[in-house]
Each structure stands twice: as C-alpha cells, then as structure tokens.
Amino acid sequence: MASVPSSSSSSSPSQPKTRKKPGQNSSPPPPPQTKWQTGTQERLYSRRLVDALRATRDRTQVQESVGSRAVKEAADSALALTARGQSRWSRAILFGRNSCRRKLLVKAGGKIRRHRRKQHGAPPVAAAAAEPGVLKEQKVKERLRKLGRLVPGCRKLPAATLLEEAADYVAALELQVRTMRALAEALSAATVSAPEEEETEAVDPIAIAEQGS
Amino acid sequence: MSSWRSRSRQSNSSRISEEQINDLVSKLQMILPETRIRNNDRVSSARVLQETCNYIKSLHREVDDLSERLAELLETTDMTSSQAAIIRSLLM
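Chains as they are written, first to last, in the UniProt record's numbering: chain A, 1 to 213; chain B, 1 to 92.
Treat the hints with care, since some could be wrong.
The calculated lysine to aspartate or glutamate pairs, modelled on EDC-like cross-linking and capped at a C-alpha distance of 20 Å, are [stated by the list, open to error]:
no. : chain 1 : residue 1 : chain 2 : residue 2
1   : A       : LYS146    : B       : GLU51
2   : A       : LYS72     : B       : GLU72
3   : A       : LYS72     : B       : GLU75
4   : A       : LYS141    : B       : GLU19
5   : B       : LYS57     : A       : GLU142
6   : A       : LYS146    : B       : GLU34
Simulated from the structure, these hints should not be mistaken for lab results. Computed from a prediction, not measured in an experiment: that's the story for all the values here.
If we strip away everything but chain A, and leave its shape as in the complex, we get (with noise of 0.2 Å):
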C-alpha cells in the first residue's frame, strides 16, 4: 500500500472540491442540508406523512388506540421514504421495518447493498493507520461513538461518513419536527371546529379552513 503519507499536504491541486473552497467562510448552504429546508421536501414529506398517519389508523382497531410508537414509526418511515434511500440512515430505517420496502429501494437507487460495501474493509484498518491528529484524542473517539449510536444504522462508519450521514439525519429531523408540530397544530385546530361541522352535516372544506387559520 503505498499510500503517500502526506496528510499534511492534503490539498493537493487535483482535489476538486471546486464548491466548497471559494464560499467557505460565506454563506451559501452545503447542497444535502438545503435539500431538507426546500419547500419541496416539506409539502412531500407532510404529504407522507398524512396518509401514514391515516393508514395507521385505519389499521388499528375500533377499541384499541392508536399509540404515539405507531405514530413515531410512521413519522419515522415517512420521512425515510422522503430521503429516497439516497441515505444509510434512511435506508437503514427503511430495512428495519419492513422487509417488502425492500423492493422499491432497489428499484430508485442502484447503489443499495447491505453488504457489500467496498469500504468496509479498508477503514477499520486505515481508521488506526492513517488517521488525522482530531481523531486520535480519545473523547472525540468517544463522542464518535455516541453519535454512531443515535444516528440509525451508522455504527461501524468510518469518522467521515458518520458525521455527513450526522449532518443530514440532523437536517432531517428539523424538518419532521416542523412538519409534525404544523400537522399538530392543524388537527388541534380543526378538531375545534370539527364538532360543529359534524352536527350539521355540511362539511364544508373551505369553511373549516377559514376557521381552522
């Protein structure tokens, strides 16, 4: 392996890291974390996550009730299937539940394998090699590890995999937290009105808007 040594000079001038190096102290947004603040990806995921919602309800019982896990998970899977697989988090969520999603993954994204990764056998070796002089100190070590626990799915991922698949699941979860507190807050606002509608019999989707803003 002859790798060249030379960590310090890493900025080689065949790295083309075009898009990072004349914006970096300015503030344009790096591409995967705008991806989850577009409008786009909001109306798609609010739109995932009603009909889950709705189809977790349908699937529980008249007597039982439908238990915030079963919301959780479906937020959860909403959102996953928003990422289009194009994440490990995602995909691990995706595999995690069930087994037929499997399928349309493999279907949008060519590059799915849960076990062939060809990076999996040179960073366990190269991570004690070659790291850089951050990694080496033992809370960050630490700190890695704790963070490849709460990320789904991203436990044994070399340092630089972790943290983007961090950034992104961190980008992620913003977005479920906004999306499900509007849903919330439109509910609570529409059940308000809902009864007096329901007495009458005249459900009038525009009226209840008017009401419910």
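Given chain A's structure and the hints, the job is docking chain B onto it.
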C-alpha cells in the same frame, strides 16, 4: 457529484484527510443552533460532536412528544372531514 467521487477515491486509498474531517465538522457546526452563533475557530471538534449528540437527542424527544400529541389528536379527529383543512394549511 465530483466531491463524492473524490472522497471515495480517498477512502479507497485508505486515507481520510484532516482537512476533510475539519470540513465536515465545521459543516456540522453550521447546522447546530448552539454553535452556529459562536466563532468557527473556537469550538473544538469534541464540543461539536457533543452538541450534535445533544441536539439529536433533543430532536428525538420532540418527535416523541409530538407523536404523543398526534396520537391523541388522531383519536378525536375524524381525518376524512378535516383532511382538506390539514392539507390546505400545510401547503400554504
């Protein structure tokens, strides 16, 4: 994405550069609400990772709370009659 390719090339040659790690850590720092306000240089990687763990945990807690709230709301609401209102308010 060319940067994806360059990164996988590097990890195939079993080397993760320090610049890359610092880059990712600072990216993470930009996302966290706590550390974003502070100056970039003064926050150590350990601190960023700690904040990230805390932030993810608090987000998980919020999701749990909201799940409980939504579960209760789903009991009392007839989804079909108010779903138009929901979709409308979400899309606006």
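Tested hints:
1. Among the hinted pairs, A:LYS146 with B:GLU51 is consistent with the structure: their alpha-carbon atoms are about 11 Å apart, no more than 20 Å.
2. For the suggested pair A:LYS72 and B:GLU72, the alpha carbons sit about 13 Å apart, so the restraint of at most 20 Å is met.
3. A distance of roughly 15 Å separates the Cα atoms of A:LYS72 and B:GLU75; the hinted pair therefore holds under the 20 Å criterion.
4. At roughly 17 Å between alpha-carbon atoms, A:LYS141 and B:GLU19 fall within 20 Å of each other, so this suggested pair holds.
5. Restraint check: the Cα-Cα separation between B:LYS57 and A:GLU142 comes to about 16 Å, which is no more than 20 Å; the hinted pair holds.
6. A C-alpha spacing of about 19 Å is found between A:LYS146 and B:GLU34, which places the hinted pair at or below 20 Å, so the restraint holds.
The structure agrees with every numbered hint stated previously.
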